[in-house]
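S.K.: Residues per chain are reported as follows:
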Amino acid sequence: MSTALSKGRLKGAGSGRPRTPVPSFGGLPTPVRWVVYIALVALAAALPSIPGVADIMSPQNDWASVLVFPIGLYILMALGLNVVVGYAGLLDLGYVAFFAIGAYTGAILGSEYGWGFWEALPVGILLSMIAGLLLGTPTLRLRGDYLAIVTLGFGEIIRVTANNTDWLGGPRGVTNVPRPPAIGDLTFGALSTKPYWYLVLGLIVLVIIIGKRLERSRVGRAWAAIREDEDAAELMGVPTLKFKLASFAIGAGIAGAGGAVYASRTTAILPDNFPFVLSALILAAVVLGGSGNIAGVILGAFLVAWLPERFREFQEFRQLFFGAALVLIMLFRPQGLLPNARRKAELQEGSGGMGTLGAEVGAAATQTVEVDKK
Amino acid sequence: MSNFVDLFWSSTIDGLTIGSIYALVALGYTLVYGVLRLINFAHSEIFMIGTFASVGTISLFGLSGPASGLTLVLVLFCTAAAGMAASGASAVVLERVAYRRLRTRGSSRLAALISAIGASLFLQEVFALRWSNGELHASGRDYVNSERVLEKTELFSIGDGIVRNDKLLVFVAAILMMIVLDRFVNRTRLGRGIRATAQDSESAVLMGVNINRVVVLTFLIGGAMAGLAGALYVVYFDQTRYIIGFVLGIKAFTAAVLGGIGNLRGALLGGLTIGLVENYGASIWGAEWKDVITFSILVLVLLFRPNGILGEALGRSKA
Amino acid sequence: MRNVRRRASVLAAVAALALGVTACGSDDDGDSGASPAESSSSGGGSSATVKVGFMGALTGPDAQLGINEYNGAKLAFDQYNATNPATKVDFIQYDTTGAPDQATALAPKVAQDGVVAVVGPAFSGESKTAVPVLEEAKIANISASATNAALSTNGWKFWHRVLANDDVQGPGAGEFIVKSLPATSVAVIDDQSEYGKGLADVVNKTVGEQGGTVATRDSIDPEADDYSSTVNQIKSANPQAIFYGGYYSSAAKFVKQLRDGGVTATFVSGDGTLDQKFIDGAGDAAEGSILSCTCVLATASEDAAVQKFIDDYTAEYGTAPATYSAEAFDAATAIIKALEGGATTGEAINEALSNIDFQGVSKPIKFNDVGELETGTTYIHQVKDGKIISLGEYSSAKVQ
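Protein sequence lines correspond, in order, to chains D, Z and R.
For reference, each letter of the first sequence is one residue, going 0 to 373 in numbering that gives the first Met the number 0.
For reference, each letter of the second sequence is one residue, going 0 to 318 in numbering that gives the first Met the number 0.
For reference, each letter of the third sequence is one residue, going 0 to 399 in numbering that gives the first Met the number 0.
Because the hints were derived from the structure by calculation, they are not lab data.
Glycine is no exception: its CB is placed at the ideal position from the N, C-alpha and C atoms.
Possibly wrong hints are sitting among the right ones.
Straight-line distance between alpha carbons at most 27 Å, and here's what the computed DSSO-like set of lysine-lysine pairs gives [unchecked claim]:
1) K73(R) x K87(R)
2) K156(R) x K87(R)
3) K151(Z) x K276(R)
4) K397(R) x K383(R)
5) K386(R) x K307(R)
6) K386(R) x K151(Z)
7) K336(R) x K50(R)
8) K151(Z) x K383(R)
Some chain D residues close to chain R (C-beta under 10 Å, calculated; not the full set) [stated by the list, open to error]:
9) P69
10) N163
11) G172
12) A189
13) T265
Only chain D is shown next, with the shape it has when bound in the complex:
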């Protein structure tokens, strides 16, 4: 039954308009949806300017700064990682590496070679994508958990190498990274952080549009096929390695863009800005929100970024609560807060693309319990 369901969804998603009998947002006419989208973006853009919001959301820190980093950049990175984890079903534990590559590219080009932000940004994206391809080509042949440890290692290699390379500033990092030039009246400055938020927001919107289009294209269907059953996909003639590489490169490029923005925002970067924990947090954001679902991923990233920032008064214990919250949310909503419809179908089917915990043990154990009851 569940197989039939997922097939139905596949077809629905392919035609670009999921046919759900329940009246839902997706069923609304296109113009209405666009109005809602534009309203949402406008609301997001106004977030740092609405009086009162800052006092509720961020009483201890500058609200616009917090919106840029961690909130905005976490959302951007989570959307990028979502392409890798949520769409293609690849487990990447070293995502921070690409963020670092983008940040270092932007910083070095800006401070050493005098490039402007807008010239350095595409180079940062490009280099991150190349790094993604270089890492992916040999390693994407590996299955799930091997990929996880190799990507984790890659993240550490990038950080340690940056720390040990004098040309990259060693542990001192890179300073005096230029800020983006003013656009009209919008000056990017240490105190005027709103323009950075508009910049990050613009990138987020762009990434959402790209993500949505990809999801509904041939590429997106190929990813879904790989995620659900790689062997079957390969047998059906999907060039799995090519599509996996594509997801890796796209995800890496998004992180690279985030990194370049980050470098120009802080104007100084250190290797310590890119620890493994950041990779884990972004992955947590994706899974927490609902891997594969853009709204879910945004919610997840927002919570992961904002909760520790907001509860600074419990600063001593915030990691403790955060850890406990991760466990609890996963226990009671393992599919994430806002799961993707198709992913949910896959999960009900059992595999969820990543395989169930304990392969068949889970299902088998439940079966025995049922037998016992009878």
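Given chain D's structure and the hints, the job is docking chains Z and R onto it.
M.R.: Positioned in the frame of chain D, the structure of chains Z and R alone reads:
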């Protein structure tokens, strides 16, 4: 390169010592992975709990200096027992609290991984909590020092390397424990249950294996091994800290993957290999490149042997 | 239908979360709103109040240094407020947790709160990201512990520090090692941190210039536990002294493993290790270690002002002043002197700071045009009988 030759024997001895601690911790990753296909990210914290239990136990003896003779044997035994008990028990609790619900509902392994990362953060912070002035603070960020149990004496030397009693103890204890565990998994009824589940859990259930008991047993054994590693760590380094498991856990997990995750002998081989490679590498390129060397070796090995040196074979190891 | 219900449950969960947050928020606002009111009412009179901020780690792994500083500065401001001056100080903490990221987001908040002067930012890394913001907001800032040499080359006008940088400490320590220890063969090790590697590089250079040789140069990972490869390297190089650039917790681990490994060379380290916790961690292995600093650890003194600072500090906090407490006290005193001169805005305070010249409890305080001290030198300390004792200025210090 000359450094590599000059320091060959001392690097070998130190590599084998730290490698055997990696191997013991790697066992926990491998066992759990073999049975549940889960990266138990919080296993590094199980190790950390073992070190704290060991430090606590040693302090109970109120030693004024390094012990000797029968006292030494008693202290070492109690420390190891306490570490194993504490870690084994917490591993079982961890499984019960953080994973069982996900397992019985057949949730995705990704959810379990995030739950594991959450549990790991939580446990680290719990061990940073301290009472001070009648209030609870998360202020325990510094090392907790332990009295020295074992007077460190040089036994004999091989080339440029000196074999010290504490290093020998760590190595021998780890190898002995591995042999015991290998026998247990391969020869006993319970071990057969573990292997059967790892190989084909559905058939194992049909053949009457109690899956829940196997899973609990797996966590218990893996935890106890990490606890022993914790005790040996404390005897070797005389200190611990809330975050101690993090770096060591990543190394141990790498060791498990390198040897072939799910494979007990692979964990031993992987642990010792990582220990040796990082010490040899450090003698050639400097200690700052240790981690890069370790992970590069891992990538290279996986490229040529995608399932690790010995392959994934908990179920099939001489079955 | 099921879909709708699920969505509703998520919405409810999020709403509950948001409610909880706002509830906490209002609670908190009430608290923080009350405290300034309280302080101003207890002050009484018609005196004006200016806000002075503290930026540094009050929580997190390196919090001890930040707490030492906060306490030192707070003591100065409390004593000043007690004299009922024309301009009182409202001293506000901004906890950066020592992380440059946090400092970046905190700095604009400092500006928004209308702070006119800052004691801090404490560490070099956070200074790098936070000072540009303070600069833009025209807030005078005095760091009590950031020693990275490059900080004063950024062209910052509102930035100062009350201790000499690593370009002073490194040569001082290096010269002391070669000339006074004396050790001609030195192993130089660092912890790969910005501070540690920077300092070790300068020492490395100085040892060569002074006619010594660097026997081996290596780095250790402060988060790792096993330093045996570095210990082996040092053992085979057989130097007379080891210089370690890094912080106390890794220094303690390192010196312990050195001694266990049979290395007996003198262990020398910098201000990051100048803390009782180094001795607590390393135990007997720390004995005889030499610790350099451009600060002076305030220990019992014949100088009445210094002794009064030690007594007051001990009475207030129950512990003796620790690393950087005296520096922070001096930084606060400099700001107080500017306030007493009638300066109440960031720019006026900054202007006044450039003319300040007084004998602080740590050292004479007089800034040059880039915000560095006019006179800075290195002081040498030694671990003796499980305590840190001061040996005085490096050129005249003698090992006991």
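S.K.: Of the numbered hints stated earlier in the document, which are not met by this structure?
M.R.: none
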